[in-house]
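Sequences are here, hints too, so could you generate the full structure?
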Amino acid sequence: MRDLLALQNLPAQDIRDILDLSQNLGEILDRPIKKLPTLRGKAIVNLFFEPSTRTRNSFELAAKYLGADVINVQKSGSSVEKGETLWDTATNLRQMGIDAAIIRHQVSGVPEQLAGVLDVPVINAGDGSHEHPTQGLLDVLTLRQAKGDVGQLKVAIVGDVLHSRVARSDIWAMRALGAQVVLIGPASLLPESYRELGVEVTTDLREGLAGVDAVQVLRLQKERQSGGEIPSQWEYRARWGLTAESLGWAKPDAVVLHPGPQNRGVEIDSDILDSERALVRQQVRNGVAVRMAVLFRLLGGAHDEQ
Amino acid sequence: MMNSERTAYRIQGARVIDPFRNFDGVTDVWVKDGRIAGQPEPDAEVVNGDGLWLVPRLLDMHVHFRDPGLEYKEDLESGSKAAAAGGFTAVCTMPNTQPVIDIPSLVQWQIERSRQLGLVRIWPIGAITKGEAGRELAEMYQMAQAGAVGFSDDGHPVADSRLMRAALSYSAAVGKPIIQHAEDSRLALGGVMHEGAVSQQMGLGGIPAEAESVMVWRDVELAGLTQGILHVAHISSPGSLEALRYARNRGLRVTAEIAPHHLFLTDEAVREWNYSPLTKVNPPLRPAQVQQALIDAVRSGLVGVLASDHAPHHADEKAAPYDEAPFGISGLETFLGSVITLFLGQGLLSPLELFAKITSGPHDVLRVAYGGLVPGQEADLTLIDPRVQWTVDPRTFYSKGRNTPLEGSRLTGRAVATMVGGRFTMRDQEVLG
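Chains as they are written, first to last, in my numbering: chain A, 1 to 306; chain B, 1 to 433.
The set of hints was computed from the structure by calculation and includes no laboratory data.
Be careful, since some hints might not be right.
From the structure, some residues in chain A lie toward chain B, with a derived Cβ separation under 10 Å [as the list claims (entries may be wrong)]:
id : residue
1  : GLN8
2  : TRP87
3  : HIS105
4  : GLN106
5  : SER108
6  : PRO111
7  : GLU112
8  : GLN113
9  : HIS130
10 : ARG168
11 : PRO191
12 : SER193
13 : GLU196
14 : GLY198
15 : ARG224
16 : GLY227
From chain A, some residues computed to sit far from chain B (all C-beta separations above 12 Å) [to be verified]:
id : residue
17 : ARG31
18 : SER129
19 : GLN145
Here a beta-carbon is modelled for each residue, glycine too, at the ideal position from N, C-alpha and C.
Written out as structure tokens, the structure is:
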């Protein structure tokens, strides 16, 4: 494993190894001095071409807790805005000595393309509607902590699955670990072809939530309304919103995840989000742990004891 | 048409495959003063055709030569060389240049320039609407007088039904086809590949097959209303084939072409190429069951034309992120190899049936008369080695566009010599400029 570009086709054992490592490395967040020497002397660049607060900071902290140096490049104010290609920007950074690149981009596949240009590890921090692999990993880690063996679980993913990179990474990670997955949402936002992969697909929230151990609620993007896929946020909430009533259709001990940022009162109600059944804070915390584990896997090893 | 250094040739021992006369057999062909000659010529250079096929007037009725205005992608010279290298003796150039070919003088300029180059016959296609803007009809009659063989807003569908009705009505009077790039732009909005299982896994925006077929159905109805001449470019969806069948059963003047890449590749190529925009083409590569329906349509004769949609782009443009890269495949230099490999390698068509789709088929669509390899006809012909195996290496292309997902593919069959107007334009892969 040189890069982390996608969870599709990542062997289950690799996923398990990363989760185990995350579990161990996560403990550092409780220490008074959060600094390991593991990646001391390594330089990592965060290339974020889309707005992001949580993921970028999470990667940056993960790298810093492991002792690496991190620089941040954003589209605005960068040479890309002056017309330089992303590949040239990245190549120049490589010449400056970076040891890994973390990239978020609005176009699916850009991390794969970048990995073809750079000779150092590339980590996908979310590309278009394709994948967000560290989010998929942190979601299954959160489920494992809360519910035990993910392979025994049935998990619902509710919302705009078609355009969601989180959903795709979740599906691959959960399926790799043996979970049953059901996708729920408006037909215009569901990838029907996933049935062929053994994933359940339904437009009926009540039917879909029956018997599930966990619900991953996806953010509803505002442009779905202007794009004509849904009539309004309020109609969406009425049919697919996670409320006290609709959560009652799942198992009594079902837990709730949300990748954030949340639209309170649209795809999820505040009383659910602020309840103990919602694991969103653990998700954020696990995000740092998982990213530490990924950086350790890709960059650690040889320089461990130096 | 062209000046020739040599005046007479005897092409000896080749298997002549002449769809214009439905002839397939070994015979000598004599050429003198630019035309097929009826009797032996004493000073003729002998060209050994043993083991080769000889096919008259290969015509690719859908190419983009980008000239004027976008010469960094291709120009009339590089495009003409690519055509000669690929074995073609005539091409129809699409008008989506800068400026758009929408007035007679631009049509004349392209033809004049091709005469100077002397590499391939260029038969320009004029725009249907001024500037391909879809608002007012262009001067089709005068462009036809100047040499335009058909009309298309290729790249931009004619969305306005009233305007399309007018264009089809007009085509009947001009006697040239309206060549539609059929696509409902709103339905295709945001799409960069075929909408289906692969796009849904790769997270790329999908273009449903119906974005094409809804417009083909509309156009077929308008062809019925107007008795106009409609040719559907690069057809690629089952619904479009159904509309074509309907039109044929009603006796309408509706034809269509298919591009080799839609027959040779599927949307799995987008995955295999791992997001490289080399696979990005419009209409998009379709899944296997659609590919099979398209192959069947060629075999059954429902579709009588194969055309490359040769769309060269600069390497920098094709290195962009998938959503941002332009659509198109550079197709002229892989055309023959891919269709010979596909249709003849698997015995899906006879050579005569296959070559009809790149000779008499498009001539019929364009209403261009040509008699084949008979005395007095222009000596436009191609010698093909049907057995040679080769690997596609875009670095060897004459086209400026090296953008092809066939890069690295093993193909069987390629042109070894091309003659236009009695003069060799290519021999042994070398274009004779």
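How the hints compare with the structure:
{"no.": "1", "hint": "GLN8", "result": "holds, 7 Å"}
{"no.": "2", "hint": "TRP87", "result": "holds, 7 Å"}
{"no.": "3", "hint": "HIS105", "result": "holds, 7 Å"}
{"no.": "4", "hint": "GLN106", "result": "holds, 8 Å"}
{"no.": "5", "hint": "SER108", "result": "holds, 4 Å"}
{"no.": "6", "hint": "PRO111", "result": "holds, 9 Å"}
{"no.": "7", "hint": "GLU112", "result": "holds, 5 Å"}
{"no.": "8", "hint": "GLN113", "result": "holds, 6 Å"}
{"no.": "9", "hint": "HIS130", "result": "holds, 3 Å"}
{"no.": "10", "hint": "ARG168", "result": "holds, 6 Å"}
{"no.": "11", "hint": "PRO191", "result": "holds, 4 Å"}
{"no.": "12", "hint": "SER193", "result": "holds, 4 Å"}
{"no.": "13", "hint": "GLU196", "result": "holds, 6 Å"}
{"no.": "14", "hint": "GLY198", "result": "violated, 13 Å"}
{"no.": "15", "hint": "ARG224", "result": "violated, 12 Å"}
{"no.": "16", "hint": "GLY227", "result": "holds, 8 Å"}
{"no.": "17", "hint": "ARG31", "result": "holds, 38 Å"}
{"no.": "18", "hint": "SER129", "result": "violated, 4 Å"}
{"no.": "19", "hint": "GLN145", "result": "holds, 28 Å"}
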